[in-house]
Amino acid sequence: MNNSSEKNPGTLQRFVSQKGMGQVITVTVGLVVLCIVFGFINTNFFTSRNITNLLRQIAPTLLIGVGQSYVLFTGNIDLSIGSVVGMSCMISATLMCHGVNPWVAVLITLACCLVVGYVNGILVSRCKLPPFIATLGTMTIARGIAQIVNGNYNTDSIGEGAKGFRSFFYSGKVLGIFSAFWIAIVIWLVFNYIMGRTKTGRHIYATGSNIDAARLSGVNVNHTIVYVYVVSAFCACVTGLITCASTGTGTMDAGTSYEMYAVAASVIGGVSTLGGSGILLGTVIGASIWGVLQNGLQFAGAPVAIRNIIIGIIVVVAVLMDVIVRTGKSKTRRNKNN
Amino acid sequence: MEGNKNHIPAGQELVRMTGITKQFPGVKALEEVRFNLYSGEVLSLLGENGAGKSTLMKILSGVYQRDDGEIILFGEKIREWDANKAKDAGIAIIHQELNMCTHLSVAENIFLGREIVKKGRLDNGRMNEETKQILDKLNIDIDPAVQVGDLAVSKQQMVEIAKALSQNARVLIMDEPTSALTSKEIDELFKIIHQLKADGIGIVYISHRLEELQHIADRVIIMRDGKFIKEMPYDINRMDEIIANMVGHEIKEKFPRVNRKTGKKILEVKNLNAGRLVREINLELYEGEIVGIAGLMGAGRTETTRAIFGIDEKESGQIFIDGKEVKINSPIDAIRAGLVLAPEDRKKDGLCTGLSISDNIALPNLDMLSGGILGTVNRKKEKEIVDQSVSSLRIKLPNAQVAAGSLSGGNQQKVVVAKWLVRNSRVVIFDEPTRGIDVAAKVEIYNLMNQLKQSGIGVMFVSSEMPEVMGMSDRIIVMCDGRITGEFMIEDATQDKILTKATQFEKNK
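Protein sequence lines correspond, in order, to chains A and B. Following this note's numbering, the numbering of the first sequence begins with 1 at its first residue and continues without gaps. Following this note's numbering, the numbering of the second sequence begins with 1001 at its first residue and continues without gaps.
No lab work stands behind these hints: they were computed from the structure. Worth double-checking, as some hints may not be accurate.
Incomplete in silico selection of chain A near chain B, CB under 7 Å [what the hints assert, rightly or not]:
(1) N44
(2) T198
(3) A213
(4) L216
(5) S277
Note that beta-carbon positions come from the ideal geometry of N, C-alpha and C, so glycine has one too.
Okay, chain A solo, but in the shape it has when bound (with noise of 0.2 Å):
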């Protein structure tokens, strides 16, 4: 999609045959026709009207995605995330009900959020704790920081003078897209290309295929593992941003679960939970399934638990597609290594 477009046969070739593509593939014919099918179900779902409000959707599910394949492309994992969402939600809410400059507020609420992803990443590396559990410790703090920011109220309306915050951040329209759309491809476009196309890109890789040949070939693997954890909570950070601007309130359990969503999405679009393998074009096509299928299971009138049990199934059969792939792949591999 971003790098495809250059000439050179050598490119397009290996943007073909890096390894994920397969699974991207496929999902991207499963999206396509889920479109189809929920366009014949419902005749408005192919409305503008829809299409904006679905991208609008799939923004939130898109920005946590890739913070999370990030750390899953080193073989890691943030569960912080949904609660670094609540967490910047309700921080920069409350500095703007008091009067703060939302620009300040913005600049403050990130400083906090990078925090939790600095610490997780210094806990992972340094520290050697599980993945796990350390960022289930932080997923507890931050949503208790999000919960006391106000004396564990939700806050008042952030009021008139964000209108310029609510705007840049959710209900702005750029082309007739809503802004939040927006921020979350221009952010995927350029971690993108940091995956696809930099040093950082291939330690962070190296670091999830094999930590020590990596740390042996001379890359900083705790640096890289503390830089993915702060990308994680940037992207969570600008999300609770965008649900800040989209209500104009603070709610305290903003954000709850996300850590999961951004998961499914990453796995639905072939991101390896063992680290090593995915692009973040799966993750785009990942969180579109997600949002697509809540857009048109909603549609379609299928009550939550309903679209609940329908998203699960889909996020089990993806992986399990993949694994039956690999495994596939993999006999093959063996028996050339002989």
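For chain A, the structure is supplied; the task is to place chain B on it using the hints.
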């Protein structure tokens, strides 16, 4: 326990495979291969990496299905075949990587999946007792109740052999069983193999260490490129013929020595201490020389290289490069100082096997390949250095985008080395550079070491293979129990002298 049922008179044909063909997508792994095995013999299955030995054995043990051909087992023709049927029929494989539950006891492992149950509860007493009987029969001194993970690798392997026998194995396939053993442990293993032979078990022995064969092999079958090449009785006087058949051409020089006058001192290590196995190490390395580090398994050779390279923490000591002291606290520092290490365990430390060959070669060199605020990798430059290393090392590969893990052992080793040669390093340290790779690939690694030497780089290599140390080094350092116990110029070195120093343990320990 059921030991006597096992006994088969020697010389009966246990296995006969004819016309075995196996096609994998893109490669013909086996073509019309024939193979047979008699009871009470050790058959050495020989061939380079990728010759098809493992594939053939996987077909015999039911892991792979054959496309064509016939298998006759104990006189009966086999049709339907899978891993469980093979196991029931008495075919067992001892893999290079052991398949043990390390947290369970020896007895629990041996009875895994067929535990003895009394009144709905596990009968641990009886399982331990029967395990003891099996181990005693093999003269293996291991407590059945001890955790497998606490045993040395050699003992674990023996437990695995015992497990196979307890399941009435009549055909035992051993794939590189000695690659992780010390010479004493290898002797013990050979004793067990002799005993199994006497019991009438047919043993297929796969190993790259040809010098081992003289102790055990009765017959050899040689394969090359997925084809049957030759079958012959084992004869130590015909080793050249055996090797020529494996490689397909004569290897003239096994250790191609080159001469170069050594220059000035590059590396100096002073009073290095790091843990129990690195004690007061002092060594020097000069331009254009190859220093071999000899010693027994566990002598601290690998640990010393790791400490120098900054992987493990140093307690004390100084490192000088070109006379200037350098602080090396991480591999990053070491690489900056001009040091390079090709580690012992390719899969664990050397390669990101899931990533492409190109990614692996580029990884340590990204600092030279990237630029800009974000550190964008210059793909053109990257391709250049990858192509250059691949061709200069003659790495055989379909293209540089395939996963590094899909290459054969020898080629993987070349990739491990290749990724470092792009840099202008001063010192290259190899740890067991030829472990588990075939004869031809070994010679290529030797040539590479010589190339480095001639370009004035200091080469240091750790090796457990005495002929290799004697054949390649200009100077030999011997280690024992974490200390340097001897140092010889090659002219003065003999195997005896090295071995004496390698076993010079401190008495008061």
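Structure-based check of all given hints:
no., hint, in the structure
1, N44, "42 Å, violated"
2, T198, "5 Å, holds"
3, A213, "5 Å, holds"
4, L216, "5 Å, holds"
5, S277, "6 Å, holds"
Consistency with the previously given hints fails for number 1 only.
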